[in-house]
Amino acid sequence: MSLLNNKKVIIIGDRDGIPGPAIEECFKNTQAEILFSSTECFV
Amino acid sequence: MNSVLKAASYVLVHAPDMVLHNGTTQTTEKVVNPGSDYLKTLPQHLRGFDQVVAYPPNQTYIGNLSPKQLGELEQPFFDKPVENATRQGKFGEILPQDEFLLLFQACDMFDLVHLDKDFVAATKPALEQHPLMDAFILGRIREGTAMEQVERFVKEEGAEGLYYNGRLVGYIKRAHDVDANLSAHVMMENLASKASAVLALKHLVKVSGIEASQIDYVIECSEEACGDMNQRGGGNFAKSIAEMAGLPNATGCDVRGFCAAPSHALVTAASLVKSGTFKNVAVVAGGSTAKLGMNGKDHVRKGMQVLEDVLGGFAALISENDGQNPEIDLDIIGRHTVGTGASPQAVITSLVLTPLEKVGMKIQDIDKYAAEMQNPDITKPAGAGDVPQANFKMIGALAVKSGELPREGLNDFILNHGMVGWAPTQGHIPSGAPYLGHARQEILDGDITKAMIVGKGSLFLGRLTNQFDGISFVLKKNEGKKEPSGGASKEEVRGLIAQALRDFAASLS
Amino acid sequence: MDLENQKRVKELAEAHGPENILVILGAAEGEAAGIAAETVTAGDPTYAGPLTGVQLGLSVYHVCEDAIKSELDPTVYDEQIGMMEMVLDVDDIVKEMTAIREQFSKY
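Chains as they are written, first to last, in our numbering: chain R, 1 to 43; chain G, 44 to 552; chain D, 553 to 659.
Source of the hints: derived by calculation from the structure; they are not laboratory data. Among these hints, one or two may not hold up.
To be clear about the criterion: a stretch of chain D counts as covered by chain R if any three or more of its residues have a C-beta under 8 Å from a C-beta of chain R, and this derived list gives those stretches [as the list claims (entries may be wrong)]:
1) 632 to 641
2) 646 to 653
Below, a list of computed lysine-lysine pairs in the DSS-like style, where the Cα atoms sit at most 27 Å apart [to be verified]:
3) D:Lys-559 with R:Lys-8
4) G:Lys-73 with D:Lys-562
5) D:Lys-658 with R:Lys-28
6) G:Lys-444 with D:Lys-621
7) G:Lys-123 with G:Lys-167
Just so it is clear, CB atoms sit at the ideal spot from N, CA and C, and this is done for glycine as well.
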């Protein structure tokens, strides 16, 4: 079974890694539902 | 004709007590975890002024070490003090906290800041020796108040304490009883930003050699907001800074854009000068008290000293083309647009590759890139990695992807076209701007001919949009003053006149 | 992890059931990824946020880990994230994430 089946996803992106919206794009056409997406900033 | 970068100045303000009392990591901890070990041990992790002065990235910031010299040091930098380091730099200075508190009070126009009179008496002689502190600033420093009043305002009136070496030495009171936008906390942030910007602007006038009266316009580009409850963020820092720095003929405005603001401001300034609207525009920003000790928990956990202990400030003078100083090339402007998206490769493509391709240039045609110049000593232990390095890797990866660089050339690209970061994590301060001074020098010295300054900003932190942002421009060797096309040059005219005179003289004989 | 993000994670896990939640990280390096992963499994190791002492044990991955990457459209992944793999130390991230999951993930 897929790891994403019926999963609800919380995205914690990083400004200097992968930002939230970029991860969101990747999850748009999957079985998973995006609940929340955010991007952190350490600088 | 393009405008030129005539000068850039850089200042740091050592602010260890503000780390404890004003940095948001610490003020948040005091709310959620008041008895924490972190708060207890933090004071032992603060650096003294001499250590801050001798810190190699700080010496690079004020212009005494070149980026190349810094890059030759092995990381980390915090255990490699620069011998015989001085607080004065080629581009500015590092100001100690006590002197700053007096400048801070002088910059207060509304009788909000009051310092203990003994502290003023002990500190004022040092400030009087400061070459940039003129009669206007010194004349604004009040004698000070009794310690009982200082203590009462902090205890009973909601004033923010001002500290020096762990001792209460003054206060800043709220500017309104109800309005949160004029609270003591907000006034503290705004005045600290203003005062450090004033210092940067005074240094800019000095290093550029310009008459202060010749500056027409000031663009301020920090991340603070000044205003009251009816116009929160109304501004205008720029004019308040110009007033204190003694620029009688300047007006100005504030440009905002998180960490990308300095680049937006520089492009705006260059456009205003190129269009002929103004002759001399100063771009300026002071520091952020909120960000002091932002990653302090990680630094303390790793047994390090807290390296985010300085306010940063900078200023740049954009002037009419003088035929000498580096030009700001407005034909090469990279922009992160609404449609660009957040993917890191799309961001860097829009800021670097797209504008270069538009004018037929390649990534390797730019000698040096200055993206986000955060000091890795600060960010690596905090889990943010080496930010400038990540940017250069990304730019190099784009060059590989576009086929102009073989994959095995990536490491050399990073070494040759990038540099190690030296800026304090003061938000807007690291974004491209720290390289302006060194870039100007390197171009004048003939070491490089083109540098790209890349500003990037995290707009999503404002919770109005999920958009990222960025803008970039190119600084290049001056191509010399060009005469309007179609006409003869001065030399040609001189030659023609001389010939005519000779012909005339010959016709008389 | 940002305090507001911790609050959201806590609320969403309570509302939707922790077994149904998948947390995806985009952290820039291994240690930061590990701390974020620890926060949503064993509780906030910095004792600052709403997840302090809260052992949610959520399923958590970095987006660059194969288990996640293999579930995503490769074209979209390449467009959005691909080049960052050249920048990040993916091996270190995977190592940290695996260690935290083995120790603290309940789902």
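So, going through the hints one by one against the coordinates:
1. 632 to 641: holds (count 4)
2. 646 to 653: Check failed, 0 qualifying residues.
3. D:Lys-559 with R:Lys-8: Since the Cα atoms of Lys-559 (chain D) and Lys-8 (chain R) sit roughly 16 Å apart, the hinted pair holds (cutoff 27 Å).
4. G:Lys-73 with D:Lys-562: holds (22 Å)
5. D:Lys-658 with R:Lys-28: This hinted pair holds, its Cα atoms lying about 26 Å apart.
6. G:Lys-444 with D:Lys-621: The hint holds at about 21 Å.
7. G:Lys-123 with G:Lys-167: violated (33 Å)
Consistency with the previously given hints fails for numbers 2 and 7, ordered from lowest to highest.
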